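Heads up: the protein sequence lines correspond to chains A and B, in order.
Residue numbering for the first sequence follows the working numbering, starting at 286 and increasing by one per position.
Residue numbering for the second sequence follows the working numbering, starting at 5 and increasing by one per position.
The hints are simulated quantities; they were obtained by calculation from the structure and are not laboratory data.
Keep in mind that this is a model prediction, so the values were computed, not measured.
Everything hinted at is true.
According to the in silico footprint, chain B covers these stretches of chain A (three or more CB under 8 Å from chain B):
| hint | segment |
| --- | --- |
| 1 | 287-298 |
| 2 | 340-352 |
| 3 | 356-370 |
Idealized CB from N, CA, C, for every residue including glycine.
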Amino acid sequence: MNVETLSKIRLFGFAVAGLVCAGYSLAALASNSPDPFAPWLPAVSGVAAAAIIWVSALSAGGSKADAAFDEFYRIEWRKAVGFAYWFAILLYPIFAVLMALGWVSSPTAFASMGTASGAAPLLAFCFITLRS
Amino acid sequence: MAKLHNTLKAHRTDKGFTQASLAEAVGVSRKSINTIENRVFTPSTLLALQIADALECSVHDIFYVKDD
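The following block holds chain B by itself, in its conformation from the complex (with noise of 0.2 Å):
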């Protein structure tokens, strides 16, 4: 079955952000970027949107689908 992935802990290391100081960036809290790194959450489609600009990526850079 297919799931949602995500690099989101890669990308946002690479561009020097704590889960706070992104959290921060797009209004959201800190648990919420935990848990999606986690994938315990799927974000919606704004936030989703929201985390990949403040990364500076596209959304596909940071979620795909996988085979589980």
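Here chain A stands alone, though its shape is the one from the complex (with noise of 0.2 Å):
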């Protein structure tokens, strides 16, 4: 395996769990409901998508491995972390108001603020690696 096709199991692992996550934020929302599908998924598909990537970089090998995870690569991490450091920060004052509203119960926003965190980096990596 070479350095390409690792960034890109990495890109896709983190755009699969990234998508599973914010797709359960998002269901959760139009549904009010905190578990609006299996609600183990988001879960399995970050410890799959860990999984698969700690795989594909035991396979390729140190050099190739470190390689994939060169500077660049950290960098572009650190942007992705620091969006979604800020965007959930911005979470609480949203469902702050949905809630007070009546819209949005408190098991509900948990899950969808939770699986939202969890799906903004992931995400956020991904639009940032497609761009540059």
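Both chains are given apart, each in its own frame, so use the hints to dock them into the complex.
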């Protein structure tokens, strides 16, 4: 396995886990339910993505894994995490308003905010990587 | 305002490197070399020195500061 393939597997893993988490968050909001579909799916998608990336890096070997996770990757990941930090903070006032208006219950807010916060760095990384 | 420019592409092709082969020589991804050439990414001092080493020239031959 080469560096490019490993980078693509990482991007695919982040995208799938991010989309599952974002989908869960939006579905929870839309249905005003904390479990719009299988509640274990976001966690399993994240763990599966991590496992696939880890096994791929292991099979590629140390030097290729180091190249795939080089300083440019770390800069892009830092940007994604920076965005996700402010996004997660922004969710609090948004959901405070939704809950104050009685549009969203607190269990739904917990499920939606949690999965949205999980999706944010993963999808932000995909967006930043595809743009650069 | 002063900005970092580079002549990496010219030096790389002069030495017969592709982006992929230079990336392999310095232990980074091809995308890192591509984004340095396109001035999207400013490399660390360590990576700049490794690139200069691989191309057998000085960092100053590849990277320079110019007012935009």
